[in-house]
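> Chain residues, written in single-letter form:
Number of protein chains: 2
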Amino acid sequence: MSAPDTSALIAALLDALGPTAVLAGADAPARNHNDCSGLPPAPPLAVVRPADTAGVATTLRLCSQHGVAVVPQGGLTGLCGAARTAGGEIALSLERLQGIEEIDPAAATMTVRAGTPLETVQQAAADAGFFCPLDLGARGSCSIGGNLATNAGGNRVIRYGMAREMVLGLEVVLANGTVVTSLNKMIKNNAGFDLKHLFIGSEGTLGVITRAVLRLSPKPASSQVALCAVNSYADVLTLLASARQHLGPQLSAFEVMWPEFWEFANTHAPQARNPFADDPAVYGAHVLVEALGTDETQDAERFEAWLGQLLEEGVVPNAALARSLSDAKAFWALRDASGEFHPLWPGHLAYDVGLPVARMEDYVIRCRAALAEAYPGIDSFYYGHIGDGNLHIIAHLPGAPKQPKDGVNAVVYGLVREFGGTVSAEHGIGTLKREWLGHARSPEEIGLMRLLKNAVDPQGLLNPGKVL
Amino acid sequence: MSAPDTSALIAALLDALGPTAVLAGADAPARNHNDCSGLPPAPPLAVVRPADTAGVATTLRLCSQHGVAVVPQGGLTGLCGAARTAGGEIALSLERLQGIEEIDPAAATMTVRAGTPLETVQQAAADAGFFCPLDLGARGSCSIGGNLATNAGGNRVIRYGMAREMVLGLEVVLANGTVVTSLNKMIKNNAGFDLKHLFIGSEGTLGVITRAVLRLSPKPASSQVALCAVNSYADVLTLLASARQHLGPQLSAFEVMWPEFWEFANTHAPQARNPFADDPAVYGAHVLVEALGTDETQDAERFEAWLGQLLEEGVVPNAALARSLSDAKAFWALRDASGEFHPLWPGHLAYDVGLPVARMEDYVIRCRAALAEAYPGIDSFYYGHIGDGNLHIIAHLPGAPKQPKDGVNAVVYGLVREFGGTVSAEHGIGTLKREWLGHARSPEEIGLMRLLKNAVDPQGLLNPGKVL
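These protein sequence lines are chains Y and X, in that order.
Residues 1 to 468 (full-length UniProt numbering) make up the first sequence, in order.
Residues 1 to 468 (full-length UniProt numbering) make up the second sequence, in order.
Rather than coming from a laboratory, the hints here were simulated on the basis of the structure.
Do not rely on the hints blindly, as some may be mistaken.
The list makes no distinction among identical chains, and a pair is therefore deemed to hold if it is satisfied within one copy or across any two copies.
Calculated pairs, SDA-like style, for lysine to any residue (alpha carbon to alpha carbon, straight line, at most 25 Å) [as the list claims (entries may be wrong)]:
1. Lys219 / Ala305
2. Lys402 / Leu183
3. Lys329 / Glu301
4. Lys405 / Pro343
5. Lys219 / Ala358
6. Lys219 / Trp345
7. Lys402 / Pro19
8. Lys219 / Ala234
9. Lys405 / Pro317
10. Lys219 / Glu296
11. Lys219 / His66
12. Lys219 / Leu311
13. Lys219 / Pro356
14. Lys329 / Lys405
15. Lys219 / Gln298
16. Lys219 / Thr238
17. Lys219 / Glu313
Work out the full structure: start from the sequences and follow the hints.
Quick look at the structure:
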């Protein structure tokens, strides 16, 4: 294949979409040169910003005709490099494809354009008397299209599921420009294959999401938060089983903090308040439990009675119940101390692995020991959404001129393979974890992924080099 | 392509799997000649019943090598012909691939073989202290593999989702015999494409499901059931919105019965008990509302208070609360009167369409009128899982020597297209609804389905003629 004539492509794009939509060469905004992966920026051939689905289709059709690769871009908040251009591709930004097209109160759905910020989606749902349960730190800048393309997770997966579970319908443009509009609003629809799931979580490698129908939830009327200190991981599991049974579908967060993380949080989290400061005991783990309900008085009584029972039984030797919004915020601030790693140690290593819940403690023990042996003096921190099987790990070797990334990767992901876990619970693969995909997926699984990629994008022009 | 040498294939299958697993020609059991679609039976070339995944892989590999088509069979309870052989294929029955391999209490998962009956899965979950929310009338004879291959629905979708939502991991054998084992137990796993969703609901056309990891739910500790009489569909929607808001995630069924169905149920349901028998008012609809909770006393109080408020507000002019299990069963018996259509009118026409919730009443009015005009004297009955957008329709023309199937199909599905609905909410497409798929899916959607089918099964040997 001869080298593509990129100037002819730019001319065709300008002709079809106009100068507002096509920013070529030096006009390509610097922000579109990168995502939040920490990789070096790389300039695209041009940034193309269509304002509608037809414009996205035109862009992809022209790129396909000219044989030029395309990197879809949402809010550019991804951590794994999936939205970063390697240099020389067209960056297809959805930033102008914004807006909420419809809220259907009877169906409890919202039809929204891909470039709409998550926070706008949340606010519009709230204004209509509903609740958008998807939530993550980047809510103000990430886009709903990016959330779906990466199947974003967040704190409330245990109750509401991943981003995938919120989607009833999807509009996608394929690599050749074909628009597949499947804006289903019904919870049940078994008319043929369920195509949306192919695109959700495929990180822009199979199609570009342009619109979606989201399922909205009822607004929770009550919220309970408690911090629990427990002696052992066995007790964490007992607490989890009890929370599932007694709080049932109200259980909305179950966040475990191992001792190193707990200490870090109490030292560094700006708004944290340790409710156990006066307790001289040393605990094996701390757990933040949250429940969202429908009745303020009854739910609070039930939550307190449940916690009291666990204290009495000794499963939870110490616990603090949030009595105010300010308490709840202070408890969450401990868990959200994870945001302090970056300013403190900009080059630190961060992981979002997944593990079978029963084996998580063994994993932590093995990983902690292996890292300490390989890198004496290294700090490692463990915390995460344990009810979902999701463990976050932070590693940092003080004083090292360069963090031992390859070596720590090998330890963390090597153990993930041994324990039957996953190298990405929620952040995705992008380019950063591509070489480790085989630690979580078999050759047959990866072979099937390639087969699907080749079928849907035979030229290999859509986000090449990402995931696979 | 020359005609396949079927005797060589049978010999190879017998050689590889032995005579217990291969029942050829006249030895093929009559039950494997059909499913529950009402189509005429058709004998397969042979019934192959492997006892493990390797046997399934061998069967598919040999069939692929000999160019012979394969029809996967579970419990044979499907209503649309997806498991029926057209004659001359290999019927690949999963009936010997039974058993529960593991229940993991910490992860709240069950790993199960595809041929296991749903009722066995439910019982095993209960024995381990969990709840398997998937439930349908055929529970004793349908298999979990068939439930997943067809993405089964049932009565509790509004709370627990379709069968798809219960699946964390899947093992599938492709048409060429490749085994793709993806028995993930984690709720969060974003390592590459989520392959399982491709196979769930594809009715055995893309791969044969051999094992699955199911997500188990906590056992509900309380159950509330009420029958509500309402004046109009607008009030049905008010009641639905109120139930979503006040019962929240406990709302587990919202079954609406239009007047014709209500009258039929009270006349024909054997164990039904009309709690409104003394009320002379004529209502626009009756709604069965069920909630499953975690606290018997509190949940009952809350449910009753909620219902009392609606009675006071006039949204629900009359309501009956189940005070005992016997009451609850009698209320459900009214809704389950749908089971009486078949013995009464064996040739009746049955539909499981889906519609946007807001437009359902208009659909019923239009459909009722159009059927009455086209077929004077026709009976039509409307009921369904309205919270999920799923409407069931039964039509029967008394005295007709043959029910006017094609004409009624044209009315029902023609209006579905006009209203933006689906021709199958839960039963699937199979062969019976194949010609109507285009009423619910666009050419681009169907084109993408074909593209995927050709990629995964390039010889077109896996359940040919089904869905597409």
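> All hints, please: hold or fail.
How the hints compare with the structure:
no., hint, verdict
1, Lys219 / Ala305, "both (24 Å within a copy, 19 Å between copies)"
2, Lys402 / Leu183, "neither (48 Å within a copy, 38 Å between copies)"
3, Lys329 / Glu301, "within (20 Å within a copy, 31 Å between copies)"
4, Lys405 / Pro343, "within (18 Å within a copy, 69 Å between copies)"
5, Lys219 / Ala358, "between (33 Å within a copy, 20 Å between copies)"
6, Lys219 / Trp345, "neither (38 Å within a copy, 45 Å between copies)"
7, Lys402 / Pro19, "neither (43 Å within a copy, 65 Å between copies)"
8, Lys219 / Ala234, "between (34 Å within a copy, 22 Å between copies)"
9, Lys405 / Pro317, "neither (38 Å within a copy, 68 Å between copies)"
10, Lys219 / Glu296, "both (12 Å within a copy, 24 Å between copies)"
11, Lys219 / His66, "neither (48 Å within a copy, 58 Å between copies)"
12, Lys219 / Leu311, "between (30 Å within a copy, 23 Å between copies)"
13, Lys219 / Pro356, "between (31 Å within a copy, 22 Å between copies)"
14, Lys329 / Lys405, "neither (34 Å within a copy, 62 Å between copies)"
15, Lys219 / Gln298, "both (17 Å within a copy, 21 Å between copies)"
16, Lys219 / Thr238, "between (29 Å within a copy, 16 Å between copies)"
17, Lys219 / Glu313, "between (34 Å within a copy, 22 Å between copies)"
Violated hints, in rising order: 2, 6, 7, 9, 11 and 14; the structure is consistent with all others.
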